[in-house]
Amino acid sequence: MRRRVIGAVSGIATTMFLAGCATNAPQDTWKPKGPNAKIIDNLQKPVFAVAGIIGVIVTAVVITAVIKFRDKGQPIPHQSHGNPALEITLTIIPALILTVVGVFTFRTVFDLAKTSDTEMIINVTGQQWWWEYDYPVQNEYGITQPIITSGQLVIPAGTKVLLRETSRDVIHSYWIPALNGKRDAVPGRVHLNRIEADKPGIYAGQCTEFCGLSHANMRMEAIALSKADFAKWVANQLKPYTSPAENTLAKEGEAVFMNQCTRCHQVNGMKRADGTPVIAAPDENIVSGAAPNLSHLMSRNTFAGATFDLLNKTCRKEVWGADSESFGAKYLSGVSEDCLNQTDLRGWLRNAPGMKPMYSNPALLASTGGKYRGMPNLGLTESDIEKLVAYLLTLK
Amino acid sequence: MFSTGSKYFFGISFLGAISFAIYMFLIGESAIGATALLGLVVATGLLTALTLTTRDGAKDEDGVAASTAAPTGSIWPLIAAVGATLLLVGTITSPVVTLFGIVALLAALIEWTVLSWSERASSDVSYNASLRKRLLNPIEFPVLAAVGLGVVIFSFSRITLAVNKSVGATAFIVLGSLVLASGVLFSIRPNLKRGLVTAICVIGAVGIVAAGIAGAGAGVREELVLAQEEGHYVHQECGAEKSEYFDKLPLGGVSASASVAAHIDLVDGKLIATVQGIAGEQQSITVPRSNPTNIVFRNKSDGEYRLVANLGSKMVTDGVKEDVVQCTQLIPQGSDQMLTLNIPKPAVAGKPFTLTVPGLAGQSIEVIVP
Numbered sequence: 000m001r002r003r004v005i006g007a008v009s010g011i012a013t014t015m016f017l018a019g020c021a022t023n024a025p026q027d028t029w030k031p032k033g034p035n036a037k038i039i040d041n042l043q044k045p046v047f048a049v050a051g052i053i054g055v056i057v058t059a060v061v062i063t064a065v066i067k068f069r070d071k072g073q074p075i076p077h078q079s080h081g082n083p084a085l086e087i088t089l090t091i092i093p094a095l096i097l098t099v100v101g102v103f104t105f106r107t108v109f110d111l112a113k114t115s116d117t118e119m120i121i122n123v124t125g126q127q128w129w130w131e132y133d134y135p136v137q138n139e140y141g142i143t144q145p146i147i148t149s150g151q152l153v154i155p156a157g158t159k160v161l162l163r164e165t166s167r168d169v170i171h172s173y174w175i176p177a178l179n180g181k182r183d184a185v186p187g188r189v190h191l192n193r194i195e196a197d198k199p200g201i202y203a204g205q206c207t208e209f210c211g212l213s214h215a216n217m218r219m220e221a222i223a224l225s226k227a228d229f230a231k232w233v234a235n236q237l238k239p240y241t242s243p244a245e246n247t248l249a250k251e252g253e254a255v256f257m258n259q260c261t262r263c264h265q266v267n268g269m270k271r272a273d274g275t276p277v278i279a280a281p282d283e284n285i286v287s288g289a290a291p292n293l294s295h296l297m298s299r300n301t302f303a304g305a306t307f308d309l310l311n312k313t314c315r316k317e318v319w320g321a322d323s324e325s326f327g328a329k330y331l332s333g334v335s336e337d338c339l340n341q342t343d344l345r346g347w348l349r350n351a352p353g354m355k356p357m358y359s360n361p362a363l364l365a366s367t368g369g370k371y372r373g374m375p376n377l378g379l380t381e382s383d384i385e386k387l388v389a390y391l392l393t394l395k
Numbered sequence: 000m001f002s003t004g005s006k007y008f009f010g011i012s013f014l015g016a017i018s019f020a021i022y023m024f025l026i027g028e029s030a031i032g033a034t035a036l037l038g039l040v041v042a043t044g045l046l047t048a049l050t051l052t053t054r055d056g057a058k059d060e061d062g063v064a065a066s067t068a069a070p071t072g073s074i075w076p077l078i079a080a081v082g083a084t085l086l087l088v089g090t091i092t093s094p095v096v097t098l099f100g101i102v103a104l105l106a107a108l109i110e111w112t113v114l115s116w117s118e119r120a121s122s123d124v125s126y127n128a129s130l131r132k133r134l135l136n137p138i139e140f141p142v143l144a145a146v147g148l149g150v151v152i153f154s155f156s157r158i159t160l161a162v163n164k165s166v167g168a169t170a171f172i173v174l175g176s177l178v179l180a181s182g183v184l185f186s187i188r189p190n191l192k193r194g195l196v197t198a199i200c201v202i203g204a205v206g207i208v209a210a211g212i213a214g215a216g217a218g219v220r221e222e223l224v225l226a227q228e229e230g231h232y233v234h235q236e237c238g239a240e241k242s243e244y245f246d247k248l249p250l251g252g253v254s255a256s257a258s259v260a261a262h263i264d265l266v267d268g269k270l271i272a273t274v275q276g277i278a279g280e281q282q283s284i285t286v287p288r289s290n291p292t293n294i295v296f297r298n299k300s301d302g303e304y305r306l307v308a309n310l311g312s313k314m315v316t317d318g319v320k321e322d323v324v325q326c327t328q329l330i331p332q333g334s335d336q337m338l339t340l341n342i343p344k345p346a347v348a349g350k351p352f353t354l355t356v357p358g359l360a361g362q363s364i365e366v367i368v369p
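Going line by line, the protein sequences match chains E and W. Take the first sequence: its position 344, counting from 1, is numbered 343 in numbering that gives the first Met the number 0, and each next residue is one higher. Take the second sequence: its position 272, counting from 1, is numbered 271 in numbering that gives the first Met the number 0, and each next residue is one higher.
Worth flagging that the hints you see were computed from the coordinates, not collected in a lab. Note that the structure is predicted; figures quoted are calculated from it, not measured. Positions of the beta carbon are idealized from the N, C-alpha and C atoms, including for glycine. Among the clues, some could well be false.
Straight-line Cα separation of at most 20 Å, PhoX-like style, residue types lysine-lysine; simulated pairs [claimed, not checked]: (1) K250(E) to K231(E); (2) K231(E) to K198(E); (3) K269(W) to K299(W); (4) K350(W) to K313(W); (5) K37(E) to K159(E); (6) K329(E) to K312(E); (7) K270(E) to K344(W); (8) K270(E) to K350(W); (9) K344(W) to K370(E).
Derived list of chain E stretches under chain W, where covered just means 3 residues or more per stretch with a C-beta under 8 Å from a C-beta of chain W [said to hold, decoys possible]: (10) 26-32; (11) 99-105; (12) 135-145; (13) 286-298.
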């Protein structure tokens, strides 16, 4: 029995230790890739060291006491109460340690809260279960009209970016470990969170405040581009909408999109046959009142709250594995037909709730007045899916 | 086989398991209720195992012999029957009736279970009675006190809504003084006859409840009925002129001091926006669609002004459109007020949303909704 317990404890400890050696861990909190994350890292490492040493000492003392003074049938030792000198010493030492840690913690908190030298603003809005990013007009970056996107936050590398976070439904928390600590997104409030990436690349994150059924699938990726590449990305996002050519599968897909998808999803610039703009009405269909804006969808690498890749495995590997020099060009090439992850996209269009848990069963929406949380199964035919995929590929 | 304590926990665990099965069968996909019931089953199951293993904590004893006396009479079966009836009646009448039924059923279930268990806990009847009190009194007393207090508060609210404002205030002062005086009397004369104390409490409670019933019967006072009919509380009057109702007590409004999307200042007749995190004065603010967004209007100009959000138009009936307008009250110089915008859709091209101040031409902040 005793051997089994020791074996089990050793096994768990070894597994936990080895888990720390993972190389492919994009959300590793110990690998900062920007100044804000480095500020946190400079605090957490010494604090972890101090806490670790104290933890080892306390554990050793406890184990020694348990083994040395275990019940061997000896008489109960003399019971003494009160040792002022020892008690005062044991109070002062932890208090001093905590004071030193507290001073550096406060300094870090104030350093991270600094916003006076902000260079770029992005509004970040959380909802079940995806993040929306909108870029207010900032002429110095060529953003002459607001840009709206989702799933992937695109920023210029080496730039102090201020995220103004809020939420449309419940509390979420935005955290890209390589770029900064986490910050809650709270309905009705605007919380500030500053990030900056040293080099171009992809930095992964995940919602860190439990927000419902698909909380674990509410991911985010920050894409840092060189300033020149960022300007290209902005220029592409501001390109006007182009309707597919007549008599093509994509044109038929546009019609399907207009009939089915624009109830919730907006594509900026899309117009009906009579020339009137198509304005989506997610506020009438979804609890949060918003669905991802799909303008320039294929300039992103992910969909469905960054849960699934738009790129197939081969192309994704090329983007994720690119060095900082070549990363921008690879990312800006977007998603071509050859690189499209057809399996997941078609699966999503076929039955979205089957791929990502969402409250979208029409029979269970009484408490929300018939409004969905997430995308429902639209019952599309295979022919419609074929057309839609062809159309979505044109949204570059 | 079962110890006295384990019977109790096993009973709850078994009941929880049945409830869980019924819940899953009737309601299905609700994770919260299923988790709660399953948690109850697991927790009481563990406690059953614990009490069985330790034989109710008795180290070398065989446990206490259970009582063989017949169960005493109880009112709880009757209350359970009434609860079940209300539950059924509620399904075809009103959710409130269902709620009363659920409350009655739950109360009966707990009381009856504990009573039945405690009566057989040992052969000592007085000990069994004390066991029941020890378990249930900490629940019964606060619940009864809360219900009693709720009834008194609700009754008194009916009185204040029915009578004149100043009469209501006077009644509140008088009643408070009487309660205080009674409390003082009870504390300085602890030997007062129990009957007298009971009589004072009962007369007071019955008096308030009776007055409350009378107040509810009389209805709310005329000015409140009039205000409701005329919609003083819902209709915002956003013009330059001062409204008799909407602009009443403008300084009573509460505005946020932090975490707002933008501050809109009226300085020397000029309208400017300051957005947290963006340096300098702005002439536009960006507001996410379908999201309650707080902005604060600060009047730093001489005179009374209001901020008006012009949010396009909406279709009210076929072919008839109505302007969507929101505004703050008229506020004097040096004061501020919050305005919450919730704009579901972007503006139609060529007709941007704006923030303006009535009576002040040429001043406008654009509201961009991406």
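Hint by hint, here is what the structure shows:
Distance restraint check for K250(E) and K231(E): the Cα-Cα separation of roughly 27 Å exceeds the 20 Å cut-off, and the hinted pair is therefore not satisfied. Proximity of K231(E) to K198(E) is assessed by CA-CA distance (about 17 Å); at most 20 Å being required, the pair is judged to hold. A hinted pair counts as satisfied when its Cα atoms are at most 20 Å apart, and K269(W) with K299(W) qualifies at roughly 10 Å. Pair hint K350(W) plus K313(W) holds up; C-alpha atoms about 13 Å apart against a cutoff of 20 Å.
Using a Cα cut-off of 20 Å, the hinted pair K37(E) and K159(E) holds, with the two alpha carbons roughly 14 Å apart. For a cut-off of 20 Å, the pair hint linking K329(E) to K312(E) stands: about 14 Å separates their Cα positions. Distance hint between K270(E) and K344(W) is fulfilled; the C-alpha atoms sit about 16 Å from each other, no more than 20 Å. A C-alpha spacing of about 17 Å is found between K270(E) and K350(W), which places the hinted pair at or below 20 Å, so the restraint holds.
For the hint linking K344(W) to K370(E), the alpha-carbon distance of about 17 Å falls within 20 Å, and the restraint holds. With a cut-off of 8 Å between beta carbons, the stretch 26-32 of chain E has 0 residues touching chain W; three or more are needed, and the interface restraint is violated. Under the rule that three or more residues need a Cβ within less than 8 Å of chain W, the assignment of the stretch 99-105 of chain E is violated, with 0 such residues. Remark: the stretch 135-145 of chain E is confirmed as covered by chain W, as 3 of its residues place a Cβ nearer than 8 Å to a Cβ of that chain, reaching the required three.
Look at the stretch 286-298 of chain E against chain W: 4 of its residues bring a Cβ nearer than 8 Å to a Cβ of that chain, three or more, so the hint holds.
The structure fails to meet hints 1, 10 and 11 from the earlier list, while all remaining hints are met.
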